[in-house]
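Dock chain B with the ligands against the given chain W, drawing on the hints supplied.
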Amino acid sequence: MPKLTIDGKTLEVAKGTTVLEAAQQLGVHVPRYCYHPKLSVSGNCRMCLVEVEKSPKLLTACSTEAAEGMVVHTATEKVKAARRDVLEYLLLNHPLDCPVCDQAGECGLQDYYMEHSRAKSRFPAEDKVRRQKRRPLGPHLVLDNERCILCTRCVRFCAEVTKTAELEVMERGDRSFIDLKEGRALDNGYSLNIADVCPVGAWTSRDFRFKQRVWFLKKTPTVCLGCATGCLTEVHHNEGAIYRVMPRPNAETNTWLCDAGRMVYKAVQAGDRLAKGVIKNGLIELEPALRETASRIDENHAAAAVLGSPWLSVEDNAALARLAKDALKTENFSFDFNAEQGIKDGILINKDPAPNAAGARRVKAACGGLSFGELAAKVASGAVKVLVTEARAAALLKNELKAGGARLIVFAANRSEIPQGAYATLPYANYFETPGTFVNFQGLERRTVPAVAAPEGVRPLWAMVNRLAVYSGTSLHLDSAEAALKGIL
Amino acid sequence: MISVKKVDNRPLNWLERIYLPEIARGLAVTLRHFFVNLFNPKGMPTVQYPEQQLELPHAAKTRTRHRLKLRADNSPKCVACFMCQTACPAYCIRIEAAEYPDNAVEKYPAVFDIDLARCVMCGMCVEACPEDAIAMDTLEIPGGEQDRARLKLTKEDLLRNLPGEPSVVGAANRLANEYLKSKGGA
Ligand code: SF4
Ligand code: SF4
Ligand code: FES
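Line order of the protein sequences matches chains W and B. The opening residue of the first sequence carries number 244 in my numbering; numbering runs sequentially from there. The opening residue of the second sequence carries number 80 in my numbering; numbering runs sequentially from there.
Chain W on its own, in the form it takes in the complex (with noise of 0.2 Å):
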């Protein structure tokens, strides 16, 4: 356990932490573009440049082993005349395009500039390397090789991480370029992470290409429901629409994103969302088709049977359990999904691409109800008349709903997700816009807190059960979530 000081400061560290780390832990920052914490170390940038006593030369902080009495200064003078000269030295052929620069007040280059430098550029426009701007690679990515530090972040992303190394750098010197090897394409699921690791506006991303600035966007901290390993995420938003979706690291599941799941967002603004309800394929007023479901299920009363979501929230399934116990009191209903869980390609993405499986369990837990087997083969016989359930669930019952020809009452957020055959759709307020408790693989217990208000007159699942169930003459009294989640969490 060497025992080293920084800045005056005396503190005690694992073996192998560097000194970056060290000063971290004193709550020193040492200014860095290629460190990153989930990276290997690669010690090309040389922005962490510290001084330490005894040694002749700065030392980078970020590939230096703290060792027994090392005294380190990381704000001398000559500290400071280095790393004005190392941002001096990678703005060279920098094309200092900010204002069409969608990295512009993220941009590691723009703070430390401001923090550490200052200096007006010696450097003429005319004489900077030229490199290619503009070339989207993959189908998530844009990159500008003018923009780029040559941190080779990117390029040990791909190669430690995903493992797929996509990525190169080409030629030598002043001319080096980050370029795809041959034959390759950047498509490897996890893509995105390279914008967020660029520490310049290098890699941007298309999606969120010139839709905002950074600074205009409030962030709102929440879940991914992309699949059940449930990532921890921050929304950002402005104006009521979303823009973008961005990791929240985390121990206990992610420091990355996948592609797949920072696109969930686009569902909730997608022009088909719901906003009123649907009987067959006609669009009617919320009211009217609460009314018409309500009176459909009462006429088959003692044949209704109700299928939890494990897309649905805790709440909102323990919304649908009180619905089938207490409004329709039957016992044909299933909270019961067993699907295969587990890390799917040893980062991120899970087999289960539902993300509350566990969730709807612990309803399975509170409430009972059958397996889904027993409830798959009561609608294939025939002997259930109605089913309420959401929208993705009802798939999982496709073949047996076409067997038994029970009519089918479904929630959906989107209009594409309706099952065909369906008799009536309920719209409900999804999880970008309503809190709601899911539960992922690991039995961890995860809240989304809602970015954006849900269209006018939308309401959260559990609050359309109430309604519905007030329809057929019985009052759940649910008017909260935790009113819901009374007895089960």
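Errors might be hidden in some of the hints.
With the C-beta cut set under 10 Å, the calculated list includes, among others, these residues of chain W facing chain B [stated by the list, open to error]: (1) Cys341; (2) Pro342; (3) Lys376; (4) Phe453; (5) Phe459.
Quick list of in silico lysine to aspartate or glutamate cross-link-like pairs, EDC-like style, CA-CA up to 20 Å [said to hold, decoys possible]: (6) Lys148/B <-> Asp340/W; (7) Lys509/W <-> Asp450/W; (8) Lys323/W <-> Asp340/W; (9) Lys461/W <-> Glu175/B; (10) Lys363/W <-> Glu210/B; (11) Lys594/W <-> Glu574/W; (12) Lys454/W <-> Glu175/B; (13) Lys231/B <-> Asp181/B; (14) Lys376/W <-> Asp181/B; (15) Lys321/W <-> Glu331/W; (16) Lys234/B <-> Glu210/B; (17) Lys594/W <-> Glu495/W; (18) Lys454/W <-> Glu178/B; (19) Lys454/W <-> Asp181/B; (20) Lys156/B <-> Asp340/W; (21) Lys376/W <-> Glu178/B; (22) Lys454/W <-> Glu224/B.
Quick caveat, the hints were computed from the structure, so don't treat them as lab data. A virtual CB, placed ideally from N, CA and C, is assigned to each residue, including glycine.
Only chain B with the ligands this time, still in chain W's reference frame:
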């Protein structure tokens, strides 16, 4: 701090209360102005804006209606960086960015609106612009309109009145064109 000023509301005296002498006094003032202006119209302080204009002092010249400048190839210089929108204290600028398929500079404003009904003519947008793309030198002072919507300038409005472009409508354009002519424009 609020300061309080006592007003001496003296009651009207008898002469004032009978009303007629005061009316005569008021009429005398009006008539004096009428006859002075009738025989000496040059002395009138009223400026018949926009037909007539006073030479604006230097700083005020750069606080007139905005325009967007053009590059040599006639594309707007603006790159939709949102600096002006960010700097604007009145929140009157609204930009939507778009991408050129093949221009060397990738970004341009698809929408660029300035709501003059909100604008406080502070010139912050001009200060903030890194591309020297917006200017407030048209010498046109935004005036009264019948309808708020007419005070909203769109990108097309902001790009007109540039050298080589003919006037479209109204006195305001005429003035701006005269100004451009005096600067050697078409
Ligand atoms: S593109 Fe970005 S991440 Fe890759 S080397 Fe250049 S600066 Fe680093
Ligand atoms: S600051 Fe200039 S370049 Fe940027 S958006 Fe405004 S007018 Fe356009
Ligand atoms: S962070 Fe240490 S050399 Fe780049």
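Hints and how they fare:
1. Cys341: holds, 7 Å
2. Pro342: holds, 4 Å
3. Lys376: holds, 8 Å
4. Phe453: Since the shortest Cβ distance to chain B is 4 Å, the answer is holds.
5. Phe459: holds, 8 Å
6. Lys148/B <-> Asp340/W: holds, 19 Å
7. Lys509/W <-> Asp450/W: holds, 10 Å
8. Lys323/W <-> Asp340/W: violated, 26 Å
9. Lys461/W <-> Glu175/B: Holds: lysine 461/W and glutamate 175/B sit about 18 Å apart, inside 20 Å.
10. Lys363/W <-> Glu210/B: holds, 18 Å
11. Lys594/W <-> Glu574/W: violated, 31 Å
12. Lys454/W <-> Glu175/B: holds, 8 Å
13. Lys231/B <-> Asp181/B: violated, 31 Å
14. Lys376/W <-> Asp181/B: holds, 11 Å
15. Lys321/W <-> Glu331/W: Holds. Lysine 321/W to glutamate 331/W sits at ~15 Å (cutoff 20 Å).
16. Lys234/B <-> Glu210/B: Given pair lysine 234/B, glutamate 210/B holds - Cα atoms ~16 Å apart, limit 20 Å.
17. Lys594/W <-> Glu495/W: Answer holds: lysine 594/W to glutamate 495/W is near 18 Å, not above 20 Å.
18. Lys454/W <-> Glu178/B: holds, 10 Å
19. Lys454/W <-> Asp181/B: holds, 19 Å
20. Lys156/B <-> Asp340/W: holds, 14 Å
21. Lys376/W <-> Glu178/B: Holds: lysine 376/W and glutamate 178/B sit about 14 Å apart, inside 20 Å.
22. Lys454/W <-> Glu224/B: violated, 33 Å
Checked against the numbered hints given earlier, this structure breaks hints 8, 11, 13 and 22; the rest are met.
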